[in-house]
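> These protein sequence lines map, in sequence, to chains A and B. Take the first sequence: its letter number 153 is residue 153 in the working numbering, and every next letter is one higher. Plus 461 on top of the position in the second sequence (first one is 1) and you've got the working numbering.
Check the hints yourself; a few may be wrong.
Below are the DSSO-like pairs computed for lysine-lysine, each with C-alpha atoms no more than 30 Å apart in a straight line [to be verified]:
id: 1; chain 1: A; residue 1: K366; chain 2: B; residue 2: K635
id: 2; chain 1: A; residue 1: K457; chain 2: B; residue 2: K845
id: 3; chain 1: B; residue 1: K635; chain 2: A; residue 2: K457
id: 4; chain 1: B; residue 1: K845; chain 2: A; residue 2: K458
id: 5; chain 1: A; residue 1: K450; chain 2: B; residue 2: K714
id: 6; chain 1: A; residue 1: K450; chain 2: B; residue 2: K845
id: 7; chain 1: A; residue 1: K105; chain 2: B; residue 2: K636
id: 8; chain 1: A; residue 1: K304; chain 2: B; residue 2: K620
id: 9; chain 1: B; residue 1: K714; chain 2: A; residue 2: K458
id: 10; chain 1: A; residue 1: K457; chain 2: B; residue 2: K636
id: 11; chain 1: A; residue 1: K450; chain 2: A; residue 2: K17
id: 12; chain 1: B; residue 1: K845; chain 2: A; residue 2: K304
id: 13; chain 1: B; residue 1: K636; chain 2: A; residue 2: K458
id: 14; chain 1: B; residue 1: K635; chain 2: A; residue 2: K304
id: 15; chain 1: B; residue 1: K696; chain 2: B; residue 2: K714
id: 16; chain 1: A; residue 1: K450; chain 2: B; residue 2: K635
id: 17; chain 1: A; residue 1: K105; chain 2: B; residue 2: K635
id: 18; chain 1: A; residue 1: K304; chain 2: A; residue 2: K17
id: 19; chain 1: B; residue 1: K636; chain 2: A; residue 2: K304
id: 20; chain 1: A; residue 1: K458; chain 2: A; residue 2: K105
id: 21; chain 1: A; residue 1: K446; chain 2: B; residue 2: K714
id: 22; chain 1: A; residue 1: K105; chain 2: B; residue 2: K845
id: 23; chain 1: B; residue 1: K696; chain 2: A; residue 2: K304
id: 24; chain 1: B; residue 1: K467; chain 2: A; residue 2: K105
id: 25; chain 1: B; residue 1: K636; chain 2: A; residue 2: K366
Now the stretches of chain B that chain A is said to cover, found in silico as 3 or more residues with beta-carbon under 8 Å [said to hold, decoys possible]:
id: 26; region: 665 to 674
id: 27; region: 735 to 749
id: 28; region: 846 to 854
Note that these hints are calculated values from the structure, not bench results. Here a beta-carbon is modelled for each residue, glycine too, at the ideal position from N, C-alpha and C.
The primary structure of each chain is shown beneath.
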Amino acid sequence: MASHEAAIREPLILNDKTYHQISEDIARPIEGAANRSWWILFTIAVMAMLWGVGCILYTIGVGIGTWGLNKTVEWAWDITNFVWWVGIGHAGTLISAVLLLFRQKWRMAINRSAEAMTIFAVICAALFPGIHMGRIWMAYWVLPLPNQFGSLWVNFNSPLLWDVFAIGTYFSVSLVFWYIGLIPDFATIRDRAVTAGKPIREAIYGIMSFGWSGNARAWHRFEEISLVLAGIATPLVLSVHTIVSMDFATSVIPGWHTTIFPPYFVAGAIFSGFAMVQTLMLVMRKVVSMESYITINHVELMNKVIILTGSIVGIAYITELFVAWYSGVEYEQYAFLNRATGPYWWAYWAMMSCNVITPQIFWIRKVRRSIWLTFIISIFVNIGMWFERFVIIVTSLHRDYLPSSWSMFYPTWVDIGIFIGTLGIFGTFFLLYARTFPVLPIAEVKSILKSSGSQFKKDHH
Amino acid sequence: MEYKVKSSTKRITLGLVLLGVLAVVYGILTHIPGQRIWANVLVNSYFFLGISVIGTLWMAIQYVAEAGWSSGLKRVPEAMAQFIPFAGIMLILVVIGGHPSLHWHHIYHWMDPALTDPTSDHFDEIIAGKSAYLNFPFFLARILAYVGVWFAFTLFFRKASLAEDAAGGLTYYKKSLGLGAVFLIFYAVTSSTSAWDITMSIDTHWFSTLFGWYNFATFWVSGIAMMAMITVYLKRSGYMQHINEEHLHDLGKFMFAFTIFWAYLWFSQFMLIWYANIPEEVTYFMDRWENYAVPFGALPVVAFIIPFLLLMDRDAKRSMNMLTMAGVVIVFGHWLDVFVMVMPGALKDEWGFGPLELGMFLGFLGAFLFVTHSALSRASLVAKNHPFLDEAAHHHV
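I would like the entire structure built from these sequences, with the hints used as guidance.
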């Protein structure tokens, strides 16, 4: 089949791969033994995770008095971390669903890992409201379940409840989407295990692939369901962070109540999600040798998404600032003046420089195509987006309406420990994933070889 | 492929323009207040300026995103954008007419010098606080800059595109890509500021951070609908046969998706203001609820529910009839959207919807279509040396 892909498009698969080489390359990390750098990273991640679990158990045992919260700042690190992790969890579904609908073939190099990242990030996020409840064993009370506790019933007017539904739906659809995509690839690993004579691996991947037969009918259904799930997942990309933003925007607190929040939070989430994908992919392509599939072209395309979403976020910041002045409402004006010049000025300027200024460097093509600069800027964005949530949450709360209630927030070692713990949980899951799951969709990558593989580009043009 | 505008098309579009002029004459003869006539000029000039700019924005996005499928229909948005100066001049007339020395109308209430004069009985502290931004010279300069720079980019794109037709090669493609990136930056800022200026400042006390993006969504979806309808018309008239169901399907998907996106922004803005119920903010919707219940209530139905249901089916997005039907509803729905943005601040409860409103809308529509069609006839209907043309010709959804 001759491809009509324009000659000026860069190839998406380098080094003249064949179909067999693609299977070999992607199966290698699963079939081979882990190298030393993997074990070092894994040990660090598990240690961080264990420390976090310890801090969580301590919180559950003693209560959230162990955190730095006080009567004025009653939401701080917990909710900052929650929003940060949910935001990171956005890129996965964007890449798998929205980019699928936009027919962006380059998504195939990163969608599997971005979806895995989504699942792990949402798990980390969901942890925070759970432990913030204090009595986590009553967590099921957030669900509208019939009960014998008299008038105890969820408050449907509360955006916090909408969040339960939004995140629950997002997590389940993302998980199903991810897993269905994995089925044919698990079957490939299973079939390779048969040839290699590895019965245990064959049994495990056989169960995980649900007995995938690979016949035409199975593929037909596979493609149908992928499209249906993409359709369902696309509104979810918007809804999750929209609802998260409403946790704040439905209030009457200056700095929280602003109508731009829903789309601006979504843009910020995609921004931070892509930055995290970038951070992880740049490490992963090296560690598991995927340079032929995650090319510099892919890095550049992701950087373009980062500059787009970063600029949207920048415009939202400036809009908020302008409208606070324009509104003539002194509380609004003070809230923003206090962000920039009050006691948390450093957090505000960390957010501004990391989120608005740094990504603008990507206008330079050389920077977009530099692995090291991309890696550094992606870390900056990850930090900046954490500070964004901290600024929104803590600086809006710490100056209460009554000056006698004014207060500051200082994190305790438990706050910090739980955050580091979630980084550990995320890292542990991701490292395990990278050793046991095909990190690229084998079948899908093969489907673009003849239109976007380097040797086919040469042959045709 | 050369396009010759049918004489019947010319007659109909110019007839609509004449109808618009007659509507204004009717308005004057029946003693409709000048304020209401000017408010209609504002609604229509803003609406048609907004959708014309979408032509340029569409091209900018296609270049920057390196989209291939749409390269075959690129002359359509290119032609739509040629209406920018016409709508722009009408808008500038509205702005100039608001100046206190002329006082053709007082739609921009804040232009009244008494409001910002502390010694006056009418002194308004809130409006005075905004006067660093809302003052006549700066305001006029901004409007001139929007219209001027948007149109300048339109001309740059057009020039590069025609030069590419003649010379081929990648030079003009690369140039357009760069132009697209710069235009996106400019438009990203000015789409919001123009919305604050042209419509938000009518309800001078009121403010909403989402308002700019909400206006953008209005124009984006109706601009795409207009583009789809013009494409269908050309195809029906025997032109653009390289545009097939696959391309229409994509246009239909854009119309469908951004219909939902508009509803999302409409709902976000409305819901957050309704929920928080802060007096300064909620007045905006109270006015609309009390005095404009019919157009305000019809808006989500016309601009969202009907096009959503019409376009939901896959086959509908591939059908020329359905695209046209949904397109008409979308364009009218978003015109109504602008109507509901402008009128409550400009006319309070003394509004109306009669021959004047309908006639002026059709008049502007006729002018827009006339300019678009004559622009289409001045160049080949296909940008024949576009590097993605072969991809577009073999496009499969």
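> Would the hint linking K446/A and K714/B be met if the CA-CA limit is 30 Å?
Within the cut-off at roughly 27 Å; holds.
> Below or equal to 30 Å on CA atoms is what counts here, so check K696/B against K714/B.
Holds. K696/B to K714/B sits at ~19 Å (cutoff 30 Å).
> Are 3 or more residues of the region 665 to 674 of chain B near chain A, judged by a Cβ distance of less than 8 Å?
Coverage by chain A holds here, the residue count being 8 at a Cβ distance below 8 Å.
> With a C-beta cutoff of 8 Å, work out whether three or more residues of the region 846 to 854 of chain B approach chain A closely enough for the coverage to hold.
Holds, because 5 residues of the region 846 to 854 of chain B bring their Cβ atoms closer than 8 Å to Cβ atoms of chain A.
> For the pair supplied as a hint, K457/A and K636/B, is the alpha-carbon distance within the 30 Å limit?
Holds - the C-alpha atoms of K636/B and K457/A are around 24 Å apart, at most 30 Å.
> Hinted pair, alpha-carbon criterion (30 Å max): K105/A, K635/B. Please report holds or violated.
Distance of about 22 Å is within 30 Å: holds.
> Are the Cα positions of K304/A and K17/A separated by 30 Å at most?
It holds: about 27 Å lies between the C-alpha atoms, which stays within 30 Å.
> Going straight from one Cα to the other, do K714/B and K458/A come out at no more than 30 Å?
violated (34 Å)
> Are the Cα positions of K467/B and K105/A separated by 30 Å at most?
Outside the cut-off at roughly 42 Å; violated.
> Next pair to validate is K304/A with K620/B; report whether the Cα-Cα distance is within 30 Å.
Cα-Cα ~27 Å, so holds.
> Would you mind confirming whether the straight-line C-alpha gap from K105/A to K845/B stays at or under 30 Å?
With a Cα-Cα distance of about 26 Å, the restraint between K105/A and K845/B holds, given a limit of 30 Å.
> K366/A and K635/B were given as a pair; does the straight-line alpha-carbon distance stay at or below 30 Å?
OK: K366/A and K635/B at ~17 Å, within 30 Å.
Going down the numbered hints, you'll see the structure goes against 9, 23 and 24, while the others check out.
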